[in-house]
Each structure stands twice: as structure tokens, then as C-alpha cells.
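Number of protein chains: 10
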Amino acid sequence: MTRDECTEAVLAAKLAKGLSWQQIADAVGRHVVWTTAALLGQASMDDAEATKAAEILGLGREVVQALQHCPTKGSIGEIVPTDPLIYRFYEVMQVYGSTLKEVIHEQFGDGIMSAIDFTMDVERVPDPGGDRVKVTMEGKFLPYKKW
Amino acid sequence: MTRDECTEAVLAAKLAKGLSWQQIADAVGRHVVWTTAALLGQASMDDAEATKAAEILGLGREVVQALQHCPTKGSIGEIVPTDPLIYRFYEVMQVYGSTLKEVIHEQFGDGIMSAIDFTMDVERVPDPGGDRVKVTMEGKFLPYKKW
Amino acid sequence: MTRDECTEAVLAAKLAKGLSWQQIADAVGRHVVWTTAALLGQASMDDAEATKAAEILGLGREVVQALQHCPTKGSIGEIVPTDPLIYRFYEVMQVYGSTLKEVIHEQFGDGIMSAIDFTMDVERVPDPGGDRVKVTMEGKFLPYKKW
Amino acid sequence: MTRDECTEAVLAAKLAKGLSWQQIADAVGRHVVWTTAALLGQASMDDAEATKAAEILGLGREVVQALQHCPTKGSIGEIVPTDPLIYRFYEVMQVYGSTLKEVIHEQFGDGIMSAIDFTMDVERVPDPGGDRVKVTMEGKFLPYKKW
Amino acid sequence: MTRDECTEAVLAAKLAKGLSWQQIADAVGRHVVWTTAALLGQASMDDAEATKAAEILGLGREVVQALQHCPTKGSIGEIVPTDPLIYRFYEVMQVYGSTLKEVIHEQFGDGIMSAIDFTMDVERVPDPGGDRVKVTMEGKFLPYKKW
Amino acid sequence: MTRDECTEAVLAAKLAKGLSWQQIADAVGRHVVWTTAALLGQASMDDAEATKAAEILGLGREVVQALQHCPTKGSIGEIVPTDPLIYRFYEVMQVYGSTLKEVIHEQFGDGIMSAIDFTMDVERVPDPGGDRVKVTMEGKFLPYKKW
Amino acid sequence: MTRDECTEAVLAAKLAKGLSWQQIADAVGRHVVWTTAALLGQASMDDAEATKAAEILGLGREVVQALQHCPTKGSIGEIVPTDPLIYRFYEVMQVYGSTLKEVIHEQFGDGIMSAIDFTMDVERVPDPGGDRVKVTMEGKFLPYKKW
Amino acid sequence: MTRDECTEAVLAAKLAKGLSWQQIADAVGRHVVWTTAALLGQASMDDAEATKAAEILGLGREVVQALQHCPTKGSIGEIVPTDPLIYRFYEVMQVYGSTLKEVIHEQFGDGIMSAIDFTMDVERVPDPGGDRVKVTMEGKFLPYKKW
Amino acid sequence: MTRDECTEAVLAAKLAKGLSWQQIADAVGRHVVWTTAALLGQASMDDAEATKAAEILGLGREVVQALQHCPTKGSIGEIVPTDPLIYRFYEVMQVYGSTLKEVIHEQFGDGIMSAIDFTMDVERVPDPGGDRVKVTMEGKFLPYKKW
Amino acid sequence: MTRDECTEAVLAAKLAKGLSWQQIADAVGRHVVWTTAALLGQASMDDAEATKAAEILGLGREVVQALQHCPTKGSIGEIVPTDPLIYRFYEVMQVYGSTLKEVIHEQFGDGIMSAIDFTMDVERVPDPGGDRVKVTMEGKFLPYKKW
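Protein chains in written order, with this note's numbering: chain C, 13 to 159; chain F, 13 to 159; chain E, 13 to 159; chain Z, 13 to 159; chain R, 13 to 159; chain X, 13 to 159; chain S, 13 to 159; chain A, 13 to 159; chain W, 13 to 159; chain V, 13 to 159.
Calculated directly from the structure, the hints in this document are not laboratory data.
Note that the structure is a prediction, hence the values are computed from the model and not measured.
Beta carbons: idealized from backbone N, C-alpha and C, even for Gly.
There's no promise every hint is true.
Claimed, not checked - Lysine-lysine pairs mimicking PhoX-like chemistry, simulated, CA-CA at most 20 Å apart:
hint, chain 1, residue 1, chain 2, residue 2
1, A, Lys-158, W, Lys-64
2, R, Lys-64, R, Lys-29
3, S, Lys-146, X, Lys-64
4, F, Lys-157, Z, Lys-64
5, W, Lys-64, W, Lys-29
Claimed, not checked - Partner residues are not named here, just some residues of chain S that face chain X (Cβ under 10 Å, in silico):
hint, residue
6, Leu-31
7, Gln-34
8, His-43
9, Asp-122
10, Gly-123
11, Asp-129
12, Met-132
In isolation and in its complexed conformation, chain C is listed as follows:
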């Protein structure tokens, strides 16, 4: 079973069982964002996590095994995404990229925000003018090493 076949099996089982990502995450014992990423082939689970995920989805050992593989990451198959929801994150990077660079360097010096030692959260913020999506990214600051 390849990682792509595993993702398809997960999506089909989730639909058939009527599960939400949140329910699966609760069963796995991890945050919904990370759990979804892992099940979509963008992170690797350990044996206990994979076993719990397969269990709630009613899937077998092959899936348990595949979920522990370090996947080749990159979830959208396009250089510039066409899906409007995903594109908005590309747009943020295009419009605010130089700003993020200036502000992070001002606060931290030369270096980057890690996308590996990194967590992300998605929250719904109630608002009378229309609820808002709040995405929080937090990554370790990695200063450039000199040698």
C-alpha cells in the first residue's frame, strides 16, 4: 500500500463512517490540525497513533504501517494553488512576505521561523460582523549560524 492509496482509504472510510477530523483526532489523542495533516500524508504517526487512527476508521494493518512512513510532503500538486481557500495563504505570502521578513528580523535578528519545529491551530472567532478564521502558526526562531 502506497502512501497515496493509504490517504484514499482514509478519506473513503471517514466518509463512510461519517466521522469528523476532530473525532479522529480525539481518538488519536492529538490536535486536529496535526492529525489531519498526518492522515493526508504530510506527517508520520508512531505505531500507537496509527493503530488508534486505523481503529476508529475501521482500517487494517497496512494502513497502520503506511501511516508510520515518512511521507514525501507537498499537498497541493501545483506551484501556485488554484483552490481559493488555499490560494489566500499564497496571497498572504505574496503581499505580506516582505513585511514578515522586516518585522521578524527586527524582533529576532537574522534567521527564520522554523516550519518543522512548528505548530498550527485553526480557531473560529465569533464576530457580530461575521465569524472569523484565526490561524496561529508558531515556530521556533532559528538564528543563522556563523562559522
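Place chains F, E, Z, R, X, S, A, W and V on chain C using the hints.
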């Protein structure tokens, strides 16, 4: 004075005066992220904001005028950014794009997070294992209209 | 059933039954443009709409379910379309893009026309010199938020 | 004077004189969308139009001459635009391209909407939920010739 | 039967029956260039034409139906073609594109040669120095509309 | 004087003298298409031709010399042209490329139409339904050599 | 049998029979470079050549027929090749392209080396410092035609 | 003096003095292909070579110095060249790339032809059917190392 | 069996048998980096190596044969890799490419580091601040040949 | 003084003074690879380092200031480099990318080699068969964080 010449003038004056983005933002009375974006040609100021920005930077009416123009946005001049700090945001979109899509749709239904009715913050989170960069994006959820 | 398989099933059933998009839209109770977009995998239906669409097409529960999924949008699979009908809309954007930017900013200030809170109509305008295609796009103006 | 230098001269004069596109269009006696396109180097004026445009802008014969040249069209200098206002029109083409193809073919048969025998209008539609941008494109239907 | 499957069926039948494009065109009653384009999925036939084409190729109703569909056009699947015969037409556009622009504008004013209200012919011109390929393209001149 | 500077000088002189490409071609004693191509930097003149061209344009020895240089060809600076007039020739190649391949191979066997041993003509064909642009390309057929 | 299926059949038969390209070329009576190109779908054989090739490979009439088809050429499926052996030829074109242009124009005038009326040879040149690959390309010089 | 300025100076001096590449190569004491490549910024000369080149061109010490710099190579500024002479070498790589791979591997095993330990020659081969361009590339075979 | 099918068979067998790349490399008698590259279709084995690899993986003669084929190299199927581990090597090339050029030329003169006569090692370097990945690349210096 | 102007000033001064990168690095007190990267605009110096660098190069305060700026990184201005020395590192990533992924994951688990907490060395390894370039990259292993 074109918007690009304005940006160059701002950067030169900021360097010459030894100002931080935070100091300029305080003078303008806006958040440092938005102020930086506006000065880098990614947002437009009103007359009062532009006047205060020009004042602290010691720049003239031409700059005040240019800062009120609606700029052609897109700050990085490349489809995939090569600068490592900016690239990490591209990487987040590549790796977590499908996850953001699934989780936001699960919480909100079909629609997107606006990148226009949108705010962003950058904070330094102290951490014994190394301080962390926390980037918070918050945009209004826009449900797809049916007709 | 993936969303692509669903689209193929819809197209095959439409052809076999000799239905027009307008007839399907009437059965669904929605505008023909939106209904066509939804059936081509660019919008999501609710249960009632999907049930009516499946009914007139003679398709089953799997299709009803798939039509309610939030699809990954982007209908043409190319960065610059080669089909001449679709290309003309790319050309309008290339030739008149800067004009739309100037005129919309002049009328509304800094911001955009939403492509989400958005409707579109296609009409045939009789004309002795040859009938004309009238495409009306209407989207909410979203002013850039300052913070 | 090249066409690009002409565009720069027009923009500088418009800013210096504090003119709106609508005022210039009124002076020229043409629609604001077409007039703006022509002044931005996407359409060519005749001598009378160019003379009136130059007059209100306070520009000379060189501009009058340049505005009559058939320009090399394409206003955005990028394959996929990064400016959010212009990108939304790219997004409409990406998301609704196959829909436009189906609906126009259903109404008209095989052919295209001309982008040459074409007019466009931009209107502000008042709306209690937020005013809306209405863009109307109207082009002659051109049926594919057989031979 | 999709349009691509239809094209494959046509090519296989043509090869099996040993027919030339000219023979099929004669049976259809159309020019060989147009007939070939239609059979390769770049134009749509009416019922009578499709019936005659299917008849001489020994194919059934599904093909007759598919040949009447308005196809998604674009025959080469590459942005810059690698096949040398097709590339030469790309080269002509690259090398002589600005010349065609100047000469057509000089003769006709601002506008284009239509590629829709358009015919094309290919002829063999005997020549002692080696026979020559003569490709004649004729399209209606479409002047840019002003409004 | 580089070839690009030469082209600019030619265009400025042509405009200043109010000459048409046809008039310059008559002075040079060559076809208007070839003459235009040569003056736009896509072909090289001999000394006599360059001298006559420079004479009617009122330009000096540097231009005469530059016009004899073998230029680096490619007139449009883009992979897919955005100018609508030039794009239509790209569209013809995209839509009819596979047809040209089939029909030319049927008439000539394996090989290509030369774009070097090649001539092109542009004519205005009067037509009550609107005059037509007739572009005739004629190139030597080059059969693939076997060895 | 498509041309691609034919190429696969040839490669499988060659491997199964343990034949070299040279042995097949000897059977066909053509140079090994041309024979290999033809069998890889980059040139077309006549009936006698195809019959001999199919015979030594133990393949049937379908292959004989397919090998006579004028193939859509382009053997590498990438714009810039990633295979190091093939890339070196891309590198030669990148590094020495302007040199080839200057030197060929100096020796021959304005024109090109034909890649159609063209032969190529690959030889092993013994050398004490390591044997060398000698690739000889020879193409007819085609002078640009004037008209 | 940058390497690009050096190249421009060389080209201007060559034109002004009416020198051929062959004459300069003779003065330098190197092959015309290598000398041209070096002067066009694709190879580096030693002091003696650079001095002789500068001398015949009538250029100074700055040029002598610049010609000894290891240049950033890549002479055509485009991924796929548009100039027809240079494109033919791209076409050879596209059409015959897989053939070169098969034939060189058959003769030498796994490895490549070096483009560094490499020489190239261009010759004019008289031919009653039209003289031919003969390009000979010879590079050391580099076998893949195992470890 | 194609090379891609061979790679899939190897990966499936490795997973099923629970083997590490190191264990397979030990069986083959080669370095783990080279062995992995060869099994992933980026290098070719000799008969003895392929036999040992197939043996430990429990695979048959077809695999032994396929592993001896010179593969078409290029392991990532993207121009810019999206997988973060692989991307970091692209980033090193982007950020330090000009530095490598300067430093290698300073130490060696004009030429390159061979990627063919080349070995690579990956080691784990224990470090109290977090273990480090050490990648050592060693390639023969190839000086540019003059002629 | 922009960062690009600073780089140009550094290169000109280095050439004029006949300094090697090693000599400048010794003056700065840093490794030659890091020092070169910093001077080429790919890393930022502190005040002491910048002062020492400017001093040995004979440059002023503006350079000292510019060298402390966090530069926008990316040194080669192309997606796929054309310079052969730099390209070989792209080739290593293309050919050995999947191998590096497998081997590093086998030794370390899911994560990456940091390109920020990273050092690089270039050494000359004497070898009777030709000296070798040894490039050592060492980056902290960053395990993917779960949450």
C-alpha cells in the same frame, strides 16, 4: 514619484534616522505589521497616516501623496520565493494547504478565510528551548454565495 | 466516489438523458451558472439540491453525497488556458486588468471585488450585427482592513 | 516618446492635476473604462480623442501622437497576477472557466465571446450588506466557421 | 465515450481501413483541414457530418454523438511544442510576430485577425528546388470596438 | 550601436517622417513583410538594402552597419504572447497544430515546412461581411534525412 | 497500437532477446543512431526497414505498421532534462549557444544548421587519459530567404 | 569593469576594427570556437591569452583583467532559446536525447560525455546539394563512480 | 519490467521484510548511499550486486536485470522540490551557489566539481545541542579544457 | 547604498586590491565560506565583522552599515542554474534527493537537516587521479514536532 521610488525613499530615510518599524508604527498610530506593509507598498494610508509617517521619516509631500495611492500588490517578485524566511510560509502552504482546507471546511462549511478583511500579528514567545515566532492571521470567513 | 468520478457520472448521465444545464438547474431550483459550476465540481450543494440534481440525472446516493463535498476548485488544469472560449477571459484580465484596478479603486477605494460573495450571469443579447454574449459578474466590495 | 513613457506621463499629469479617470473620460467623450484602458496603453485613440485627452492633462503633441499608436497589449507583466484585485478575475476564470464554456455553448453553440468586439462596464451597486462591484462584459458571439 | 476516446477510435479506424484524411473529408463534404481538425477534437460537427464521418470509418452512434460535442480545444499538450513540424509555426510567431502586428495594423488599423471566423488551407507547390508547403490562413479582421 | 538601439532609432525616425512600412519597403526594393522584419531586428540586410533603408529614414552609417548584423531572433519577449493580435497565431498553432501535422505528413511524408527558406505575405481581402486578413506562409518542404 | 506502445514493445523485445542497438541497426541496414531514434519514436521507417526491425525483434505486423507512422517527436518529456547524460547537451547549448551563432554566421552568413536534413554519429575515441565520446552533427546550411 | 561590460567592449571593438573571430583566434593562438566562447564570457583566458586578445582589439588592462575572471556561464538568457540557429541545438537534444543516451550507454556503459573536458569544432563541408555545417563535440567519457 | 516497476517492487519487498537500507547495502557490499540510489533508480548495478540485492529482498531475475539497466536519472519529479528535507538542498544551492562558485574557483581555477566521479556520505554527528546531519560530497575537480 | 550596490563595491575593491576571499576571511576572523557568503549578500555581519571587512577592502561606513543588513537571500537569479559549477549541486539534489530523504529518515526519523543552523566547508583533497573537491555540509537535525 512612483510607488517603488517611494519605498526606496522610506527605506533610506529609516536607515539614515536609525528608526525601527515599531517606532514608525507608534508615530502613525497603527500596528507595526500593517504599517510596515503600507510603507513597503502593500497597503494604502490615508492622509493623516501618511503625513505622520512622512514626518517621522523626514520626507516630503510627494511621499505623503504616494503613500495614499492604492499600490499594485505582490512584494517578492518571484513565484516561489528563494529567501528562506519567506519560503517557510510557502512551505507551510504547500505542506499544510490541504489540511487547512479540510479543517476550515469542517468548522465553517464551504468558503474561505478573507485575505482582505484580515489582520496579522507577529509576536515573540519566550521559550527555554529557544524563543518562538508566533504569527497570527485572522480573516473573516466568507461563505460561498449561491444564486 | 471521488469528486472527479462524480463529475464524469454527471456528464455521462446528462448526455444519455439529453438534458440541458438549464433543465437541471430548473429541477434544482438554482441559477444555471451556479448549478453548472456545482455539477462540474466548483461549488458544493446542500442535501436537498444534490438530491434533486441526482434525481433528474437518474443517479444514486453516492452522487448525492459527493455533490455536498467542498471540492478542490480550479476547473481548467492549465495556468494559461488553451481553449479559445476560456482564453478570452484570460485575455480580458491581461488587457483590462490594470484598468479594472484603476476604475474600481476610483469608485470604491483600496480593496477588491469578492470572488466568493459573488454571482455571475450569462445572457444572450439579440443584436442585428450578431447576437452578443453578456457576462455579468457581481461581487461584494471588500475594503482592505487596517489594524 | 515610447508608449510606456506616454503612460507614465499621463499618470504623472493626472496625479499632478488631481483629475479622476471619470473626468478625463468626460473630456474625451468616451466611457471611463475604455478611456482608462486607452490611457494605460491597452487601446488606441483617434486624433480627436487623443487631443482632448492631452488637453485636459496638459500634455503635448508627443502624447497626442503616442496615444494613436496601436499598443502592444497586456497590462500586468505577469502570467498569474499577484495583485489581489486583479487576481480575483484570474480566479473567476480558473473556477468558472469550464462553467462559462458549458453555458455559452448551450446558449450559442460552438464559438466564443469576442474580446475585441467587446465592451465592459464597472458599476457600484448599493447594498445594505455592503456595496457590490458589478462588472458587465459584453462581446459579440463569434461562431466557429466551417469550411 | 469521452472526446479523447473518440479521437483514439477515429485514429484506429482510419489506420485499420487505410483511409486518408482527404478521403474522409470527401465523404464528409468538407475541406480536409477542417475535417481533420474536427476529427482530432478541435472543432464540432453537426449530425449529418458526424454521421458521414462515422460511416466511412465504420464507427457507431457513440462516435456520432461525441463528434457533435464542443470540445475543449488545444491540440498539443505543451506550452512550447517539441515536435519540429509544429514548432516551426511557433517559431514563425516568435520571429515574425511583431512584423505581423505592424503590417496588419498598417493595413487595417487597431484590431486582430480572427482565429474563429477563420479558414486555413495547406497546399503543395511544385518547385524545381524542392516542393514547397503553402499554408494560407484567412480570418475576418475584427476592429477593436470603442465605447 | 546595438541591434535594439538600431530598432528604436528606426521606429523613431519612421514616426517622425510619417513613413509607412510599405513606403520603406518600396525604397528598399523588398516585400513589406520581409522589410519590416529586417527593420525590427529579425532578419539581416545586405549593404545596398541597409543603405536605402537608412537613406529614406534619414539615419546614418551606424544604422547601416547594424542592419547588416545577423540578429538574435525572437521578437516578442514572452513564451505565450499577451498581445491579442500576436496571440491569435499562438492559438492557431495550439488548436490546429496536430491538424497541420497530419495534413502535411499526408501530402509530403515525414518532414517539416522550413521557417528559414520561407516567405510570408499579408493581404487584405475585401468581403461584404467584413474584410479579411489573409496570411500566406510558404516554406520549402524538408524531408527528414535517413542515414 | 499507439507509437508509445510500439516503443515499449521494442524495448521489451530487445531486452528479452539480448540484442544491441548496433545489431538491430545492422539488420535494418541503417546507422545505429538513426535506427535507435526511429525505434524510440523519433523518426519513421519505410516498410522494408520496419519489416526487418520487427523480424529481428520477433514482433508482428502492428509494430511494422506503427514504425512507419510519422511520430510526434520530442523524446524527453521535460523542458530542461534532469538526466545528467542528456543534460550535458542542454548545457552545451546554454554555454556555447552564442558561440555557435557567431561562428556559424561568420562562416556561412545569416541562416541555420538544419536539424532535419541532418545526420549524427557517436564514436568512441581511445585516449590514454580516458576514452572520449565524439558526437558529430552535420546539417545542411539553410540561408535565410529574402523576398 | 564587469564581465558583461567586457563582452560589450569586445563586440564594439571587433565591429569597429572589422575583425573576424578567426582573426582574433589566430592572434590569441587558440581555436576559433574556444576563443569566441571566452570573449563572449563563457570561458576564462590566462594572462597571455587575454593580453593578446586585448591587443588586437585595441583594448586596455581592464579588459585583460576581466577576461581572466571565471565567468558565470550561460549565454542565452532563456530556458528554451527563441533564436532559430540556437534552437536547432535544443531541438537536437529534444529529439535525439534518448537516442544519445541509449547509444552512448551501449558503447561506454553508465556515465556521461563531459561538457567540461570538452572540445567543439565547426566546419563547412562543401556539398553540391548545399554546403553543410559540421559540428563536432568531443568530451571525455566519465563513468559513474560506485562507492 | 520497467525501471519504475522495479523500484516499486524493491520498496514493497523492503517494507514487507522489514529491512533497512543499511542492511541491504551490507548484503550488496556497497555504501548505503550508493546502494539506496541504485535501488531507487539513480545508478546501475553490475550483475553480482544486483543478484545480492535481489536475493536479500527475495526478488527474481527480472529485478536483477532491471537493476543493471542505466536508468533515466532525476528522482524528484519537480523542478523545485516541495518536500522540506529535499528542499533544504535546493535552498543551499540557491543561497550558497555563488559562494561555492567563488571559493572553488579560488582554490582550483576555472572548472567544476564532478557529480559523476562523485561520492557522498551521510553521517550522524552527536551534539549536546541536538545531533547533526553531516553530508559529505566529494567529486573530482574537472578543469575546463582549452583548445 | 543598497545591498546589491554593496556587493558590487566589495567585488570591485577585492579585484582592485588583489585580495583573495581567504585573505578577507582571515581579516574578518571567520571561515572563508561564511565570509564569502556574507560579502555576496547571503548572510549578515555584526558591526565588528563588517568593520574589519570594510577596512581590508578599503571601503567606508556605508558598506559597514549595509553588511549588517539582513539580506534577501537567493544568489543565482534563476530557478535552474545555467552555470555548470552551480548546476552540479542542482544535479546532486535531482539525482540523489530521494536517496538523501531515505537515508536521513532511516538514521534520524522524520525531520530535516537545517539549512540555517548549518555550516559548510570546501576543501581540496589531493588525489593522484586528479585532486578532488570536498564539500561538507553539516546542519542540525530538526525532528518534526507533533502537537
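Hints and how they fare:
1. Simply put, Lys-158 (chain A) and Lys-64 (chain W) have alpha-carbon atoms about 16 Å apart, close enough for the 20 Å limit, and the pair holds.
2. Proposed proximity of Lys-64 (chain R) and Lys-29 (chain R) is supported: the alpha carbons are some 15 Å apart, at most 20 Å.
3. Straight-line distance between C-alpha atoms of Lys-146 (chain S) and Lys-64 (chain X) comes to about 47 Å, which puts the hinted pair past the 20 Å bound.
4. For the hint linking Lys-157 (chain F) to Lys-64 (chain Z), the alpha-carbon distance of about 43 Å lies beyond 20 Å, and the restraint is violated.
5. For a cut-off of 20 Å, the pair hint linking Lys-64 (chain W) to Lys-29 (chain W) stands: about 15 Å separates their Cα positions.
6. With 10 Å as the threshold, the beta carbon of Leu-31 (chain S) stays out of range of chain X, its nearest partner Cβ sitting at about 21 Å, so the hint is violated.
7. With a least beta-carbon distance of about 15 Å to chain X, the hint placing Gln-34 (chain S) at the interface is violated under the 10 Å criterion.
8. The beta carbon of His-43 (chain S) comes within 5 Å of a beta carbon in chain X, closer than 10 Å, and the hint placing it at the interface holds.
9. Evaluation of the Asp-122 (chain S) hint against chain X yields a held restraint, the C-beta minimum of about 4 Å falling below 10 Å.
10. Below 10 Å, beta-carbon pairs count as interface contacts, and Gly-123 (chain S) has one with chain X at about 6 Å; its hint therefore holds.
11. The beta carbon of Asp-129 (chain S) is positioned within 10 Å of a beta carbon in chain X (closest approach about 5 Å), and the interface hint is therefore held.
12. Proximity of Met-132 (chain S) to chain X holds as hinted, the smallest CB-CB distance being about 8 Å (cut-off 10 Å).
Going through the hint list in order, the structure does not satisfy hints 3, 4, 6 and 7.
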